[in-house]
Amino acid sequence: MTEIRVKNACVIDPIRGINGEIMDIAIRDGRIVESVSDRAEVIDAGRCLTLPGGIDSHTHVSGTKVNFGRYMSPEDMRAGRTKRKGKMHVTSGYYVPTTFGNSYRYSAMGYTTLLEGAMAPLEARHTHEEFTATPHQDMLANTLFDGNWAVMDAVREKDVRKTAAVVAWTLKAARGYGIKLTNPGGTEAWGWGEDLTGIQEMVPHFAVTPAEIITTMMRANELLGLPHSVHLHCNNLGKPGNYQTTLDTFDIVPDLNPDRQTLYATHVQFHAYGGGTWKNICSRAEDITRSINSKSQIVIDMGQIMFGRTMTMTADGPMEFNLHCLHNNKWSNHDVELETGSGIIPVTYSKKSAVNCIMWAIGLELALLTKNPWQCLLETDNPNGAPFVKYPEIIGLLMSKRYRDEECATLHAETEKRTSLCALERELDWHDIAVMTRAGQAKALGIVSQGKGHLGIGAEADIAIYPIRTDSVDPAREYRKVVEGFQKTRYTIKRGRVVSRDGEIIVDGANATFWVDAKVPEDLMMENDPEFIKRFEQFYTVRMSNYPVQDVYLPRGRRIETEAFT
Amino acid sequence: MRVILESKVRAKPNLPIEAEAIIPRNFLKGTDLLVYEGNKERTLSELFWIFVEGTAVAPENIEVVLKGDTSRIKRVGEYMDTGSIIIEGDIGMHCGNFMSGGTIEIRGNADSWLGREMRGGTILCRGNASHYCATGYRGEKKGMQGGKVEVSGNTGDFCAEYLAGGTVHIHGSTGDFPGVEMRGGELIIEGDATRPCGNMKNGSCVILGTVHDMLPTFEKTGQQVLPEWKITADVYKGDVANRGKGTLMVACRSLSRQTP
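The listed protein sequences derive, respectively, from chains A and B.
Every letter in the first sequence is one number past the one before it in this note's numbering, and letter 193, counting from 1, is 916.
Every letter in the second sequence is one number past the one before it in this note's numbering, and letter 219, counting from 1, is 210.
Bound conformation, chain B alone (with noise of 0.2 Å):
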C-alpha cells in the first residue's frame, strides 16, 4: 500500500507541524490521523491531500509518501518500528526520532536531529543534513543505539554526538566537533571535520578527508590500512584526556595542524 501526503498551501508555511502520528503502521486503519499546527490540533486532510493506493494487510508493506512543502514538518517517523517513508522534498527536525526498524529517505535535505536516539532501521538522506545528526537528546548518556544513517551530502556540527551503536556514514564533510562524546558505534565522514571525537570513550570513527584542529589529546599508535576504503590511516586512541578507549582514524596527510 502507498499513502501519497501532499502538503496543502498554508496560510502560514512558517508554522512548524509536529507530526509524529505520520508513521506506516499508524496508516493500517486509515488515513484519520491527528497533528499539530503550532499549537492547534489539525486532522491530517486539513493539512495534506491524500491519495491511498492499494491496500496492506501489514505494517511492513506501508509506504508513505511526502510530497509538497515539508520543510517545517516535524518528528516524522518518530517511533517508527517497519515500512518506509520517502519524503521527496525537504524534512523538519528530529525526523525519525527512537526509530527501530524500517526505512526513511529523504530526497532533499534534512533539518537538525535527524534520527536522534535511533535504535534500528535505516535513513537515507540524498542531500545534507543539519546540527545534531544521528545524535542523543541533550544531557542523556546515550544517542543512537543502532542502524544506520546514510547522508549523501554534509552534516551540521556535533553529527554522531553520543553514538553509542549503529553506523553513521556521511559522504561529504561535517562541521564541528563530529562524533564527540562517542560510546560505541562506527562513524565514516568521506569529507573533511574539524576538532572530531572529543571526549569520546569507545568506538571507532574513520576520517577520509582533512581533518582541522585535530584535538590534542589523541594517541597516535600506528598505521593502518584500509583497504575498502584504499587508504592508508593513522590510527588514534583517545580521548587519553577522560580515559577513552576509542579508535580514531585519519587518512595519512590529511591533518591540516599535527598534534605536538
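Only chain A is shown next, with the shape it has when bound in the complex (with noise of 0.2 Å):
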C-alpha cells in the first residue's frame, strides 16, 4: 500500500467546480481518497498550481504514419538528443521524436493522457506497440472509418444498426477508442486519383456522400453508446475558402447526447479560411465560432500552428498532395487497403509568410471567440501545427493580450487587415486553461467515469503540480512566468507515483491502453455475418482470423465495455 499526501495544493478542478482552492489531496495505491495515514509520503506543493494530469484529445505520437515520419526525416534525430539518466533512456528527435521522448517531454510538462489522432485498424498493431514504449501515459487510440467499404456499403443501405455493428466490430478488432473520420469519403477517393470538394459530392464507385456518412456514424455512434462521439477531420483540409464545408458540416450535426457533444471537429484551424486562392486567404474564424456558440452538441479543438520547423502527418493523402505541390519537398503517401490512407510532409511555418501568419492567428481566434472554454480545447494537432512543447506558449498567447501583440509586431503586415486578432481584448483565466488543457478533453472524450480529468474521490491520481503561484503571477504582464511555469512540472504524478520532477523522470512507466468493446445484439454480430465473411476474404490481403489484434500487443489493456442495443 503505497499513500501520498500533496499538502497546501492551490487546486483547480473544473469538473468538480473547485477554482484555485488551497486544499490536501490524499492518494492511496493509485487513486484519490479521503483521508491517507500519518505514514504517507508528504509533498508539499506550496501554494503552487496543482491540475489533473493533462490530457491531450488529438495528438499522433505512435504508429505507422509517425514512424514514417521519422524514417523521412533522420536530419530531425539531431535535435532533441538527450543522455541515458538513471530511469530516462536516450532520446532524439524534436518534431517526430522517439516515442520515449515524446512520454519524457509530455509528462514533464504533466500529461499523463494521451488520444492518438489517428489509428489505421489494419496497422493497429503498430501503434500498440508504440503505445507500450510510451509509458508515462494512459493511450487511447482513435479508429479510422472514413475510407472503411463495410461503413460505407451500410451507410449507402441506410442501416444505422449495420453501420455500428461494423464499428463495434472493427474496434474491438483494432482494440480502437472512438470512431475518427479523416476527409470522409475524400481519402478513399484519392485511392482513385480523385478527391472530393464538399460534403454533398458522390464518393467515386461508393455512391456515399461525406454528409451521410457523418450523419449515419453519429447515429451509430450514439447507438453503440461510446464514449467519445464522433471525431472528425473535415473535408477540405487546408484549402482557402473551405469554411463554407465547415459550417455546412457543422448545421447537419444533431444533438444526440446530453452528456457530452456529439460531434468532436478537430484542428478546425485548418478548416476556417476564407478567400478562394492562397493570394487573398483570411480569416473565417467569426463565421466557425459563431456556429459553435449556437450549437452546444460540438467542440473542437484549435489545430494552432506555432512557427518553426515541423512534420505534417495525416490519413489525409489528398491535402497532402496539394501542399507537396505547394513546397516542392519530400513527401511520402500510403493507401491502406479498404479502410484509409495517409500522407506525410515535412513543412517550416515562416513569420515571413503571410498565408502561415494568418494559420496562426486563426487559431487563437478560434480559442478567443469561442465563449465556453469547454467548447474549444487546446492543442496544435502535434505535429502538424507545432509539436506539443509548444503547449506553454499557446497558453501565454491565450492568457496574455500584451503577448499576443508583441508576436503580432513580429509578423508579416498582412495579418492584421485579414484577421481580427489583434482586436481581440479576451484573456483566458487559469480556469479556462484547466478546461481547456484537461478538464474539457476528459469529458470531450468520456473518460470522466474512468478516473480521469479530475480529482475527485476514487479518481486516478494523475495530478500535475506547477511551479506558478497563481496568486502572485499576473498572467497577462508576466506571461513568461506562465510559459515557464507550464514547460516543466514540479512534480507529475501518474496513478500514484511521482513519475517526474523538475522535467525528470525517476521511474520506468506502467500506462494503460483503454479500448471499447461494444456490445451489439446477437444477430448483427459481423464475425457471423457470411456476406461481412465474404468480402472480408475476398478484398483483403489479410485473413480475417489474423486481423485482430491479440491480447499480447496490449500487456496493460483496459476494456471499457458498453451495453448491447436492441
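Hints listed in this document are in silico derivations from the structure and should not be mistaken for laboratory results.
Since the model is a prediction, treat every value here as computed from it, not as a measurement.
A portion of the hints provided could be inaccurate.
[Unchecked claim] Derived, one-sided and incomplete: chain A residues facing chain B with beta-carbon distance under 8 Å: (1) R762; (2) E798; (3) N1051.
[To be verified] Straight-line alpha carbon distances no greater than 30 Å define the calculated DSSO-like cross-link-like pairs of lysine-lysine that follow: (4) K1002(A) <-> K20(B); (5) K1074(A) <-> K236(B); (6) K1018(A) <-> K1211(A); (7) K228(B) <-> K1053(A); (8) K810(A) <-> K192(B); (9) K133(B) <-> K1053(A); (10) K806(A) <-> K221(B); (11) K132(B) <-> K1074(A); (12) K236(B) <-> K139(B); (13) K3(B) <-> K1053(A); (14) K1002(A) <-> K132(B); (15) K1075(A) <-> K31(B); (16) K806(A) <-> K133(B); (17) K1053(A) <-> K132(B); (18) K806(A) <-> K192(B); (19) K1053(A) <-> K192(B); (20) K139(B) <-> K1053(A); (21) K1075(A) <-> K221(B); (22) K808(A) <-> K31(B); (23) K20(B) <-> K806(A); (24) K1074(A) <-> K31(B); (25) K1094(A) <-> K1211(A); (26) K1002(A) <-> K236(B); (27) K133(B) <-> K1002(A); (28) K236(B) <-> K221(B); (29) K20(B) <-> K1053(A); (30) K(-1)(B) <-> K1075(A); (31) K1074(A) <-> K192(B); (32) K806(A) <-> K31(B); (33) K236(B) <-> K1075(A).
Using N, Cα and C, we set each Cβ at its ideal position, and we do this for glycine too.
Got two chains here, each in a separate frame; can you build the complex from them with the hints?
Have a look at this one:
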C-alpha cells in the first residue's frame, strides 16, 4: 500500500467546480481517497498551481504514420538529443521524437493521458507496440473509418444498425477507442485518383456522400453508446475558402447526447479559411465560432500552428499531395487497403509568410471567440501545427493580450488586415486553461467516469503540480513566467506515483491502453455475418482470423464495455 | 608549432576512434585531450605517441600531423576553423565535418563523408575518397555550403550530394549520382560519372570524362567553349522534372548514351 499526501495545493478542478482552493489531496494505491494515514509520504505543493493530469485529445505520437515521419526525417534526430540518465532512456528528435522522447516531454509538461488521433485498423499492431513504449501516459486510439468499405456499404443501405455493428467489430479487432473520420470519403476517392470538394459530393464507386457518412456514423456512435463522440477531421482541410464546408458540416450535426458533444471537430484552424486562393486567404474564425457558440453539441480543438519547423502527417492523402505540390519537398503517400490512406510532408511555418501568419492568428481567434472553453480545446494537432512542446507558449498567448501584441508586431503586415486577432481583448484565466487542457478533454472523450480529468474521490491520481503561484503571478504581464511554469512541472504524479520531478523522469512507466468493447445484439455480430466474411476474405490481403490485434499487444489493456442496444 | 601524433599499435585495430578533439585550436593549451575508442574514453597519449615541435601563440600557426595507421580515426578536424592538419596515411569517416577554415591534407585515401556540411576552408585528398564526399547529413536540405574539396583520385557514390556552395573538384571519376540534389556551388569531375545531378535545383557541374546513363530530365540548351578546360561542352538545364535551374556541362561526345 503506497500513500501520498499532497499538501498546500492550489487546486483548480473544473469538473468538480473547484477554482483555486488551497487543499490537501490524499492518494492511496493510485487513486484519490478521503484521507491517508500518518505514514504517507508528504509532498508540499507550496500553494502552487495543482491540476488534474493533462490530457491531449488529439495528437499523433504512435503508429505507422508517425514512424514513417521518423524514417523521412533523419535530420530531425539531430535535435533534442538527451543521454541515458537514471531511469531515462536516450531520446532524440524534435518534431517526431522517439516514443520515449514523446513520453518524457509530455510528462514533464504534466500530461498523463493521450489520444492518438488516427490509427488505421489494419496497422493497429504497430500503434499498440508504440503505446507500450510511451510508458508515462495512458493511451487511447481513435480508429479510422473514413474510407471503410463495409461502413460505406452500410451507409449506402441507410442501415444505422449495420453501421454500428461494423464499427463495433472493427473497434474490438483493432483495440480502438473511438470513431475517427478523416476527410470522410475523400481519402477513399484519393485511392481512385480523385478528391471531393464538398460534403454533398459522391464518393466514386460507393454512391455515398461525406454528409451521409458523417450523419450515419454519429447515429451509429450514439446507438452503440461509445464513450467518445465521432471525431471528425472535416473535408477540404487547408484549402482557402474551406470554411463553408466546415459550416455545412456543423449544420448537419444533431444533438443526440445530453452528457457530451455529438461531434468533436478536430484542428478547426485548418478548416476556417476564407478567400479563394493562397493570395487572398483570410480568417473566417468569426463565422465558425458563431456556429459553435450556437451549437452545444459540437466541441472543437484549435489546431494551433506555431512558427518553426515541423512535420505534417494525416490520413488525408489528397491534402498532403496538394501541400507537396506547393512546397516541392519530400513527400510520402500511403494507401491502407479498404480502410484509409495517409500522407506526410515536412513543413516550416515562417513569420515571413502571410499565409502562415494568418493560420497562426486563426487558431488563437478560435480559442478567444468561442465563449465556452469546454467547446474549444487546446492542441496543435501535434506535430502538424507544431510539436506539443509549444503548448505552454500557446497558453501564454491566450492569457496575455500583451504577448499577442508583441508577437503580432513581428508578423507579416497582412495578418492584421485579414484577421481580427489584434482587436480581441479577451484574456483567458487559469480556470479556462484548466478546462482547455484537461477537464474539457476528459469530458469530450468520455473518460471522466474512468477517473480522468478530475481530482474527486475515486479518481485516478494523475496530478500535475506547476511551479506557478496563481496569487502572485499576473499572466497578462508576466506571461514569460506562465510559459516557463507550464513547460516543467514541479511534480507529475501518474496513478499515484511521482513520475517526473522538475522535468526529470524518475521511474519506469506503466501506462494503460483504454479500448472499447462495444456490444451488439447477437444477430448483428459481424464475425457471424456470411456476407461480411465473404467480402473480407475476397478483398483484404489478410485473413479475417489474422486481422484482430491479439491481447499480447496490450500488456496493460483496459477494456471499457458498453451495453448492447436492441 | 607542429604537433605530431603517431598512432600506437592497438589490441583491436578495427575499433573506431572518435576524435573530434583533434583540431589545431585545441592544441594551443596542450595535448591533454580526450577521445573515444569504441565506448571507452581515452586520453590522446593512450593512443598516440605525441611529439611537439616549437610553440605557437595563435591557433593559425598550429600544424597537426597524423602518422601511422589512422584509417579508423573518425571525425578528425570536425568544426575546425583555422590552422592545418596533415594526415600521412588514410583517414576514417567524417573527416572535416562542419569545417569552416584552415586546411586538411590527406596523403592517403579518405573514408566516407569527407567534408560533410563544410562551411569553409580547404580539404585536399591525394588519394581516393569514398562515398558521400562533400555532402550533407541525411535528410538535411543543404550539404556543403562553402570552401573547397579537392580529390586527386576517384570518389564513391553520391559525391557532392546537396552541394549548396563552394567548390568540389574531383580529378578522377565518381561513382553513381554525383551532384544529386545540388542547390548551388560548383562541381568539377575530370573523369567519368554515372547519372549525374539528379533533381538538381541550382549550381553548376562540369564533367570532362564520359557520362553514363545521362538522366532524360535534362534539357539541352546549346554548346559552350570552356577555355580553362580546353573543351567544348554540351550545356544542359535541369533537373526539369522538379523545376530545377541548374547547369550541367558535359564535354562533347562523351555521353555513353544520348538523351532521347
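Against the structure, the hints come out as follows:
Hint status for R762(A) relative to chain B: violated, with the closest Cβ pair at about 44 Å, above 8 Å. Given hint, E798(A) at the interface with chain B, holds; its Cβ is 4 Å from that chain's nearest Cβ, closer than 8 Å. At a threshold of 8 Å, the smallest CB-CB gap from N1051(A) to chain B is about 6 Å, leaving the interface hint in force. Straight-line distance between C-alpha atoms of K1002(A) and K20(B) comes to about 58 Å, which puts the hinted pair past the 30 Å bound.
About 27 Å separates the Cα atoms of K1074(A) and K236(B), which keeps this hinted pair within 30 Å; it holds. As the CA atoms of K1018(A) and K1211(A) are separated by approximately 36 Å, the hinted pair breaks the 30 Å bound. At most 30 Å may separate the alpha-carbon atoms for a hinted pair to count; K228(B) and K1053(A) meet this at roughly 22 Å. This hinted pair does not check out: K810(A) and K192(B) have alpha carbons roughly 46 Å apart, beyond 30 Å.
Between K133(B) and K1053(A) the alpha-carbon distance is near 14 Å, which keeps this suggested pair within the 30 Å criterion. For the hint pairing K806(A) with K221(B), the CA-to-CA distance comes to about 55 Å; that exceeds 30 Å, so the pair is violated. Restraint check: the Cα-Cα separation between K132(B) and K1074(A) comes to about 20 Å, which is no more than 30 Å; the hinted pair holds. For the hint pairing K236(B) with K139(B), the CA-to-CA distance comes to about 23 Å; that is within 30 Å, so the pair holds.
Under the criterion of a C-alpha separation no larger than 30 Å, the hint pairing K3(B) with K1053(A) is inconsistent with the structure, at around 42 Å. Pair hint K1002(A) plus K132(B) holds up; C-alpha atoms about 27 Å apart against a cutoff of 30 Å. Distance check on the hinted pair: K1075(A) and K31(B) sit about 47 Å apart at the alpha-carbon level, beyond 30 Å; violated. Among the hinted pairs, K806(A) with K133(B) is consistent with the structure: their alpha-carbon atoms are about 27 Å apart, no more than 30 Å.
Of the supplied pair hints, the one linking K1053(A) and K132(B) holds, its CA atoms being roughly 10 Å apart against a limit of 30 Å. Using a Cα cut-off of 30 Å, the hinted pair K806(A) and K192(B) is violated, with the two alpha carbons roughly 38 Å apart. Distance hint between K1053(A) and K192(B) is fulfilled; the C-alpha atoms sit about 14 Å from each other, no more than 30 Å. The suggested pairing of K139(B) with K1053(A) holds, with an alpha-carbon distance near 28 Å, which does not exceed 30 Å.
Distance restraint check for K1075(A) and K221(B): the Cα-Cα separation of roughly 46 Å exceeds the 30 Å cut-off, and the hinted pair is therefore not satisfied. For the hint pairing K808(A) with K31(B), the CA-to-CA distance comes to about 18 Å; that is within 30 Å, so the pair holds. At most 30 Å may separate the alpha-carbon atoms for a hinted pair to count; K20(B) and K806(A) meet this at roughly 28 Å. With a C-alpha separation of about 45 Å, the suggested pair K1074(A) and K31(B) falls outside the 30 Å cut-off, and the hint is violated.
Between K1094(A) and K1211(A) the CA atoms are separated by roughly 29 Å; this keeps the pair inside 30 Å, and the hint holds. Distance hint between K1002(A) and K236(B) is fulfilled; the C-alpha atoms sit about 25 Å from each other, no more than 30 Å. Pair hint K133(B) plus K1002(A) holds up; C-alpha atoms about 29 Å apart against a cutoff of 30 Å. Restraint check for K236(B) and K221(B): the C-alpha separation of about 25 Å stays at or below 30 Å, so the hint holds.
A hinted pair counts as satisfied when its Cα atoms are at most 30 Å apart, and K20(B) with K1053(A) does not qualify at roughly 46 Å. This hinted pair does not check out: K(-1)(B) and K1075(A) have alpha carbons roughly 55 Å apart, beyond 30 Å. Restraint check: the Cα-Cα separation between K1074(A) and K192(B) comes to about 25 Å, which is no more than 30 Å; the hinted pair holds. Only pairs whose Cα atoms come within 30 Å are accepted, and K806(A) paired with K31(B) is accepted, the gap being roughly 16 Å.
Between the alpha carbons of K236(B) and K1075(A) the distance comes to roughly 24 Å, so the proposed pair stays at or under 30 Å and holds.
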